[in-house]
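Build the complex from these two chains, which are given one at a time in their own frames, with help from the hints.
If you read the protein sequences in the order shown, they are chains C and B. By the working numbering, the letter at position 122 of the first sequence is numbered 122, and the numbering carries on one by one without gaps. By the working numbering, the letter at position 163 of the second sequence is numbered 534, and the numbering carries on one by one without gaps.
These aren't lab readings, by the way, just hints derived from the structure by calculation. Any given hint could turn out to be false.
Computed list of lysine to aspartate or glutamate pairs in EDC-like fashion (alpha-carbon distance at most 16 Å, straight line) [claimed, not checked]:
(1) B:Lys582 to C:Asp190
(2) C:Lys333 to C:Asp190
(3) B:Lys582 to C:Glu131
Examples of chain B residues lying across from chain C (beta carbon under 7 Å, computed) [to be verified]:
(4) Pro416
(5) Ala417
(6) Met436
(7) Thr439
(8) Ile440
(9) Ser443
(10) Ile444
(11) Ser505
(12) Pro561
(13) Glu562
(14) Arg577
(15) Trp580
Restraint ranges, calculated between C-beta atoms of paired labels, are given here [unchecked claim]:
(16) B:Pro501 to C:Ala239: 23 to 31 Å
(17) B:Ala587 to C:Ala176: 50 to 58 Å
(18) B:Ala587 to C:Leu171: 30 to 38 Å
(19) B:Met558 to C:Gln296: 31 to 39 Å
(20) C:Asn222 to B:Leu431: 47 to 55 Å
Note that the structure is a prediction, hence the values are computed from the model and not measured. Positions of the beta carbon are idealized from the N, C-alpha and C atoms, including for glycine.
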Amino acid sequence: MIASPTRRRLLAGSLAALPLPAFAQSPRITDALGREVPLAAPARRPIMTFNYEEFTAIAGLDGWQRLVGMNRVVWEGWRPAIFNRYLPLIPNLATLPDVGNTDEGTFSAEKVISLRPDLLMVPAWLWRAAETAREQIIAAGIPILVFDYNAQTLERHIASTRAIGLAMGTLDRTDALIERYRRNFEDIRDRAARAAGPAKPRAYVELGQGGAEVIGNSYPPNNLWGRFFEHLGAQNAAAGRIEGGYGPIPAEAVLAADPQFIFIGASSWVNRPKAVRTGYDVAPETTRAGLAPYAQRLGWAGLSAIRDGELHAIEHGLARTLFDDTALLYMAKRFYPGAFEKDDPVASLADYHARFLPVSFSGTWMLPWRS
Amino acid sequence: MAELSAAEAAARESWHRLAARRTAMLAGGLALLALSVVADAATGPAMLPPGPVAAAVLGLGDDPMIRTIVWSIRLPVALMAVLVGAALGLTGAVMQTILNNPLASSYTLGVSAGAGFGAALVIVLGTTLPVAESQAVPLAAFAFAGLACAGVWLLGGLRGATPEMLVLAGIALMFLFQALLALLQFMAAPEALQQVVFWLFGSLQRATWPKLAIVAGVLAVAAPLLMRNAWSLTALRFGDERAAALGIPVRAVRFRGFVFVSVATGVAVAFVGTIGFIGLVAPHVARMLIGEDQRLMLPGAAIAGAVLLSLASVASKTISPGSLFPVGIVTALIGVPFLTWLIITARRSG
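For reference, chain B alone in the conformation it holds in the complex (with noise of 0.2 Å):
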């Protein structure tokens, strides 16, 4: 009894302790994230002294040049790659997830690319539309994302919604939307290709503190709601059959699931294009790091992505200084170094 008793403490306060170096990693994640976002904050093509930009964050600077530049440009940007980043990064760990699969995310399973599609359908009809493409561009992208998502569900119920129909029909709408992009791409003047192109590369540069708040907004509803599921989407991880023993009803749970994806994929990629890789990297990131428990790890997932794209944000500006590189080909030249490191030394570790 008293050796059970003692196992008991033991087990007890090695849960305490992983808990606490959880909880640490997460505390972590947000010390190098508010880093990231200083420098974000500091670099930018008017190569200004840090000082002053220092004091007009800070509202003191009197310099009106500065002020703007903080205020209006450099600011949104370096906020809206933390939400969009934890947008992606949230994404990537739900649709892993729910459909069990480690190659999932809204950039593998075709929800980037309808996205990518509707952008590029309001971009290359242009002018004949009756809405202004600054609206238009982003109301597409955010309703052929959640046209993908609906597409994969519906194709994937077709045969009982199970992750790999899900997974199988993800591909086909990817490879679909990608096929039907190109055919855009084709037939669009030169002028058009050329924006759908930069579109595709993805850009933070785009960001406005109204573009800011309407991703906020939408994240703080969907969030909290995804959170309430964190539970039953842990014990997704165990198999539907498991899953439902325990009283999961795993069918709605997955739908759910599917609905958050597609809104917060959708509000992502709307204002500032494609931005591969975040949502597939940053939940194997934060796995390894945090674990499987789906109440850390989902937040664990969204510092990471915001982690990474706020650094290659600040990448993208200080690569060649003077200029800004597409910040969509940043990602992945800064994530998979950065994955491939951790897999080893998981390994190793292990």
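With the rest of the complex left out, here is chain C (with noise of 0.2 Å):
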């Protein structure tokens, strides 16, 4: 047995030989809930869990090679028809393996682990879901990155796609993005500042997965289209009638809020005969046949935006991604046609597709009811 004093010492003088621990000096990416995360960027065996789109865009098709693991339902499942679109394009993506979604419970920590990651790329809306989950696997040793679209603000945008970009070491592309959005949305927000009036546009924002007999979930001011109205200046009619982020309001307050503007919320759902439908195969005809039953609802032949004409089928997809400045673009030309007499909001996503995207533009994403 050694005396204390000299094993402290020893103890000591081992500690200071030790080289200091490898997540000290390496860089740190600050993620979009500001967290600091630990890693040698850049990832050589990332697991991504939402927005793959933003993530095509930010890491390339390359990008998608070095993906150990995904997130399958919220791509495969939710938006069937844009994934097919991707599916021949991305050799690994038929059967890269699957970690779960909160969503249906069947996120796992375990499958997340046993995919030997050195990365984990979740929506925020995941890192609040999965709280047992998310400390096992930091405990494992593998570093989480948050990112968060769903916020819908500037600020978030960037701060996710700077994460993304930094983790997957893509930074020219990265900055491209990040520019690109940056100007447009600030722009199409500056601009409708100025074009406001004193009366604010009234709107009114319904998911069209059930079609016009559902009333569909709502969007409060501090979520989703809500915010979108919110840049634009438009008095929400679901306003302080949801609790939490998302959920249908009663018929009759839609009619008392007698909205200018109403936009279905639409996409290529899967085994929903009656939704509204867009998308990269859908044509606008389809599109206006899913809308047509919204005009016959019972009392809404008598609302202003019904009488001129302003009902809009908008993709449900287009929301919380690094191209919704293209949908935000689309509602600031109905509120303020003056303002934007001559943007395109399609042309806008056309040429979006063109640069970041490995899909071309096609079909039918955002439509006036009458042509």
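Structure, rendered in structure tokens:
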């Protein structure tokens, strides 16, 4: 047994001889929640769990080859038509292992750890919903990077894009994406602010997943489409009527609000025969056929929006993306036609495809009910 | 005289045989439990090969990934299933004994519903609370389980704390808490509603070593205290009057039983959510296999509960390989056929 002062000295000496822990020197990435993520960038075996179109734009098709896992249901299940567009372009997309999703109760820390990733990238909603799992994953030495396009703010969009770009080591693409988004967002927001008169445009948005017979979810001012209205100075019919992030509002509340603009969130959902359809392979007539029953809703014929033809379909998958400025532009153009006369949101969306996405643009994404 | 002593010897021998059979039953239950825990640690969505998993359990493997999965995810889950199952089995046995009612359990008499309401209340109030949700949910579940128990005791006690009154009070409180829970679900935002539903399904995946230590600690204190009452509890099975004639302080024994149920149910459901059916079925399994002697029946109910939940945990991971099925649903799906089979075979042999 060594005497204790000697032992202490020995211990101190051996500690000083040890190299500092790797993470003390390696660069840290600040994620969308402001967390410091220890990562010797770029990641070699990352897992991605949402916002796959953003990931493709930031990391390119090459970035996919480094992924070792994904959350399949949020893309394959929620947006199958878009998923199928990417399937032939990404060789490993068909077979990438699934780590599950918190909404379905299938997200599994065990699955994540077993794939031996060096980084897990998750949206803020998954981070919040997987408290035990995320602690287990971090304890296993796998850093977690949180991104948050759902917040639908300029700051979070930029912070999310920068964090993913740093993690994947694709800074040129990242800078171009951030620059493009910031310029478009600020331009639309500022022009809308200048064009705004004393009376705010009255607007209502509803998810068209179940068709006109079902009152779909609407969004409060602090979430998703509700944020778009805020950015553009519009009066949201759902304001003060929804607890939490989304939910339907009563039919008579819509009538009482008399919106001048109604947007129906549409998409290419499967097994939703009555849904309003938009997407790469959807013709304008199909979208309009889905919108028509909304104008027939009880009492809607008297609404300002229906009388003026301001009933619109807008692809729900446009929200919480790096190209949602095109949806913002579409709404701005309806609210303030004079100020946005020369702008073309659909052309802007096509241009984004040409510059940043591997799939070519086609189909119907945002459209008024009357041609 | 010789005849009498021969009869006495025969009786003694048959009692010894019975005691040996009961002990063998308990030992068999423990062996089954050990097998189930091994199976639980061997299965999971990552579908790891059994060899390296076994090595990791024994501390021999050199793969940190497998070691992490086994030690920080699978073993806490497997052991939590054992502890929670045992706690629920015990509480069911105690309730059925002190209330002299085969339908009594913390699930049927409002204690679980109270815990569920407490957890849902915190989830729905969410960020408005000063405490972190991860701590507030188990605390509220535990507190409301206690509140529900106190409610049953006070309400039933208004008319003398007879088993009938206590059962009625329990059923009334179950409906009350379920109505309050439905009200909360109705008012909750969709995200909170989803969380509440998942909590009510029950999930062992929330198990961690610190949580496991808390459950183990509470049971380590509460179960021996309960076992000291085993003799009095057995006497209660003869009915209140006879038990009182034997010198059993009936009301006090019943009260201590309630305190145990409150604490054990509270700590069991606090971390894993409401898992029904174990508390109801495990005591019946134990009673059919072991008999009414509470000194053996109580450990039997604990082992039966642990085996049932452990098997349910294995099933929840293997029903659809690669994903997790809510264990609260599986317990009933496994437990009902098992109980039915027991009833049928017991009838036939009886």
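Taking the hints in turn, this is what the structure says about them:
For the hint pairing B:Lys582 with C:Asp190, the CA-to-CA distance comes to about 52 Å; that exceeds 16 Å, so the pair is violated. Between C:Lys333 and C:Asp190, the direct Cα distance comes to roughly 13 Å. Compliance with the 16 Å bound is thereby established for this hinted pair. For the hint linking B:Lys582 to C:Glu131, the alpha-carbon distance of about 14 Å falls within 16 Å, and the restraint holds. The interface hint given for B:Pro416 holds, since its Cβ lies 4 Å from the closest Cβ of chain C, which is under the 7 Å cut-off.
Among the interface hints, the one on B:Ala417 holds; its C-beta lies about 3 Å from the nearest C-beta in chain C, closer than the 7 Å criterion. For the restraint placing B:Met436 at the interface with chain C, the shortest Cβ-Cβ distance is roughly 5 Å, inside the 7 Å limit, so the hint holds. Satisfaction of the interface hint for B:Thr439 is found here, the shortest Cβ-Cβ separation to chain C being roughly 4 Å, below the 7 Å cut-off. Satisfaction of the interface hint for B:Ile440 is found here, the shortest Cβ-Cβ separation to chain C being roughly 5 Å, below the 7 Å cut-off.
For B:Ser443, the interface hint holds, since its Cβ comes within 7 Å of a Cβ in chain C; the closest pair sits about 6 Å apart. Checking B:Ile444 against chain C: minimum C-beta separation of about 5 Å stays under 7 Å; hint holds. Evaluation of the B:Ser505 hint against chain C yields a held restraint, the C-beta minimum of about 6 Å falling below 7 Å. For B:Pro561, the shortest C-beta to C-beta distance to chain C is roughly 6 Å, which falls under 7 Å, so the interface hint holds.
With a cut of 7 Å, the hint placing B:Glu562 at the interface with chain C holds, because the nearest CB-to-CB distance is about 5 Å. At about 5 Å, the closest approach between the beta carbon of B:Arg577 and any beta carbon in chain C falls short of 7 Å, and the interface hint on this residue holds. For B:Trp580, the shortest C-beta to C-beta distance to chain C is roughly 10 Å, which exceeds 7 Å, and the interface hint is violated. For B:Pro501 paired with C:Ala239, a C-beta distance near 28 Å keeps the hint of 23 to 31 Å intact.
In this structure, B:Ala587 and C:Ala176 meet the distance hint of 50 to 58 Å, their C-beta atoms being roughly 56 Å apart. Evaluation of the 30 to 38 Å hint for B:Ala587 and C:Leu171 yields a failure: the beta carbon distance comes to about 51 Å. Between B:Met558 and C:Gln296 the CB atoms are about 32 Å apart, so this pair conforms to the stated range of 31 to 39 Å. Separated by about 53 Å at the C-beta atoms, C:Asn222 and B:Leu431 satisfy the suggested range of 47 to 55 Å.
The structure does not agree with the numbered hints 1, 15 and 18 stated previously, though it agrees with the rest.
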